[in-house]
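Participant: Below are the chains, spelled out letter by letter.
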Amino acid sequence: MAIFSWTTDKEEAKQEQQTLYNLLELRNALPNLPSFKRGIAVGSAYEENTKRAFATAIFFDQNGKCSHKIMRVNVEVNFPYVPGLLAFRVGPAICSVLDKIINQADLLVFDGQGIAHQRGFGLASHIGVLYNKPSIGVTRNVLYGKYINPPKQRFAYTDVFHPKNKTVIGYALSLGANCNACYISPGHNIDIETSLKVICNIAGETCFPFPIQKAHALSNKEAKAYWKNKQNML
Amino acid sequence: MILTIVGGASGVGKTSLLKQTDSKAKQINTGTLFKKHMVLNKRDDVRKGDWSAYEPGVMNDLSNFVLVSFQRGEDVIIDTHFAAKIYGKNYRIGLKEKYLFDFGMFVFNIIKTDTLIQVVLITADPHALLNRRRLDKSRDRELVLSDCYNDLRSNDVYSTRYSREISRAFQKFGSTGRDNIRYHRVENNDFKAALINLKNILGG
Chain R
1 MAIFSWTTDK EEAKQEQQTL YNLLELRNAL PNLPSFKRGI AVGSAYEENT
51 KRAFATAIFF DQNGKCSHKI MRVNVEVNFP YVPGLLAFRV GPAICSVLDK
101 IINQADLLVF DGQGIAHQRG FGLASHIGVL YNKPSIGVTR NVLYGKYINP
151 PKQRFAYTDV FHPKNKTVIG YALSLGANCN ACYISPGHNI DIETSLKVIC
201 NIAGETCFPF PIQKAHALSN KEAKAYWKNK QNML
Chain B
1 MILTIVGGAS GVGKTSLLKQ TDSKAKQINT GTLFKKHMVL NKRDDVRKGD
51 WSAYEPGVMN DLSNFVLVSF QRGEDVIIDT HFAAKIYGKN YRIGLKEKYL
101 FDFGMFVFNI IKTDTLIQVV LITADPHALL NRRRLDKSRD RELVLSDCYN
151 DLRSNDVYST RYSREISRAF QKFGSTGRDN IRYHRVENND FKAALINLKN
201 ILGG
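Protein chains in written order, with the numbering used here: chain R, 1 to 234; chain B, 1 to 204.
For reference, chain B alone in the conformation it holds in the complex:
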């Protein structure tokens, strides 16, 4: 069983890349979950408000999704942000450490052993990100270079905390966490190269 958490800055190309990978794994998007819990029309409105109050509900949905998928023998991909803005201003980790830890415990409880958890950071050059955001007219994202830089950097920093917290949860059960958790970084400055890279990762 493989659980892959794919994260990165808004507009970096996570969802576009995942669509093109043709992966058979079941996919879930935390932004969509937050949108549902916050009763919003647009996913981009999530980061403009205080989404932290809705984290327990989102974690619950995530856990259920993983449980059902694993019971069916399906791999899971979580499409998320490792860092996101609150009230459109300050960055914080996409999901609080304690929830990640609990989530790690929950996953380990379901699968016990032989599961691979992959944390995949999709990143890019800030200029490439800005360009992507500009071209994507369907979304409402900040067209500020400094914002792109901060978004990428905070996602970079917090992505390691994701693997750290899940690893910590695994260690609770006596696993070293080292064999079960992998951390990958995919540079999406060239879409084709990034896609090949991501396909290789999702192949396990």
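The shape of chain R in the complex, shown without the other chains:
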């Protein structure tokens, strides 16, 4: 049973984000960060036809090496696609998988936004605040914020600015010459510079930080397979 309740009302969801924003901390909660013992990369997907959310969690160490143990969960969620409210669409599945393993890790990374979000409270912030764990969001696109593309070389980065108050809310990071930038923003209990350091440390050789890429790909694969199975059964 998931420990958190989720609203299916858009307005209530926005209000909840605004309330939980008050609990958001952008200070390093762990003294040794960017070093940590064990992190969890969480990938998520939503299958529209079956109205199911899928989440995959993979453990990784501070060098980005993933363990073989992979946890997957899918749950029925009826929440429409609304930019900025992803947490309410995939959150129930994510929490379902994290509930069982959250105490085994000290850092969470997500394929979703952290504070680079219109209400400063993306998926990584939301789940980070719920569990009160350091969390980082990494995405392929910017939802909120202005930036200049970084040079296409490994670990080159530029700042992502808040469009209104011009503060730095994340980074656009290049992971190689042939890679499009990925976008990093702190979720909760971690500062902005440390978020960048952690992601550079776990990135691996792929264009997108490997543990998150793997978790995300597995969720997508699972979502597609689920729908295919359903179709075959009909």
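In short, the hints are calculated from the structure, not lab data.
Be aware that a few hints might be false.
Restraint-style ranges between C-beta atoms, simulated for each label pair [what the hints assert, rightly or not]:
id, chain 1, residue 1, chain 2, residue 2, range
1, B, A53, R, K146, 49 to 57 Å
2, B, R92, R, L30, 36 to 44 Å
3, R, Y81, B, K96, 40 to 48 Å
4, R, K221, B, S16, 30 to 38 Å
5, B, S138, R, Q18, 49 to 57 Å
6, B, S138, R, R154, 53 to 61 Å
7, B, S138, R, Q153, 30 to 38 Å
8, R, E11, B, K42, 24 to 32 Å
Negatives, chain B to chain R, calculated, CB over 12 Å [what the hints assert, rightly or not]:
id, residue
9, D102
10, N131
11, N150
The beta carbon of each residue, even a glycine, is placed where N, CA and C say it ideally should be.
Since chain R is already given, all that's left is putting chain B on it; use the hints.
Facilitator: The following block gives chain B in isolation, referenced to the frame of chain R:
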């Protein structure tokens, strides 16, 4: 004579702490009074309905309880919420200001002087509160972090109104209210530490 009003968010540990204090003061729970007046089976159903219509009856019971206890020379502890939901949605003060003011006048009328009124807010970190709610299977409370946050915050805000209204009532009688009313805040993130703190407060 000491009258202590202990309040805080639902599940923050008010009743658990009070049980462990071994205080000899007579205790009364406003939630139980509302449940009785509203003829409900569960105390947690109170905040799901409109309990405001039952406030005069509850205030009456409270006043009688205080009167009888004080006449016997016993201290009183009122276990309550400083803020509570109506229809499970919007927060409002646990007891309307005018009732608190009247209650203050009533208490002052009984005891005239030498009474200490203590308003004690039990609070906690929202995550600690959520955890407590999760572990307490005997109750039916909202397991939403934002709800815990709102519950704690509104109790925090309204607790000061409790002491303000009672103080205002005392001032009517020429008392400054300052000497008779004390406001305390107990953080219940660590049960043992909170218990020691509360015991010290209840000791007067």
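Participant: Run every hint past the structure and note whether it holds.
Facilitator: Status of each hint after checking the structure:
1. B/A53 with R/K146: 49 to 57 Å: Since the Cβ atoms of B/A53 and R/K146 sit about 54 Å apart, the hinted range of 49 to 57 Å holds.
2. B/R92 with R/L30: 36 to 44 Å: Given range 36 to 44 Å: holds, Cβ gap about 40 Å.
3. R/Y81 with B/K96: 40 to 48 Å: 44 Å, holds
4. R/K221 with B/S16: 30 to 38 Å: 47 Å, violated
5. B/S138 with R/Q18: 49 to 57 Å: 32 Å, violated
6. B/S138 with R/R154: 53 to 61 Å: 56 Å, holds
7. B/S138 with R/Q153: 30 to 38 Å: 60 Å, violated
8. R/E11 with B/K42: 24 to 32 Å: 29 Å, holds
9. D102: Consistent with the label, B/D102 stays out of reach of chain R, its closest Cβ about 34 Å off (over 12 Å).
10. N131: 9 Å, violated
11. N150: Label violated. Min Cβ-Cβ 6 Å, cutoff 12 Å.
Violation of the numbered hints given earlier is confined to hints 4, 5, 7, 10, 11; the remaining hints are satisfied by the structure.
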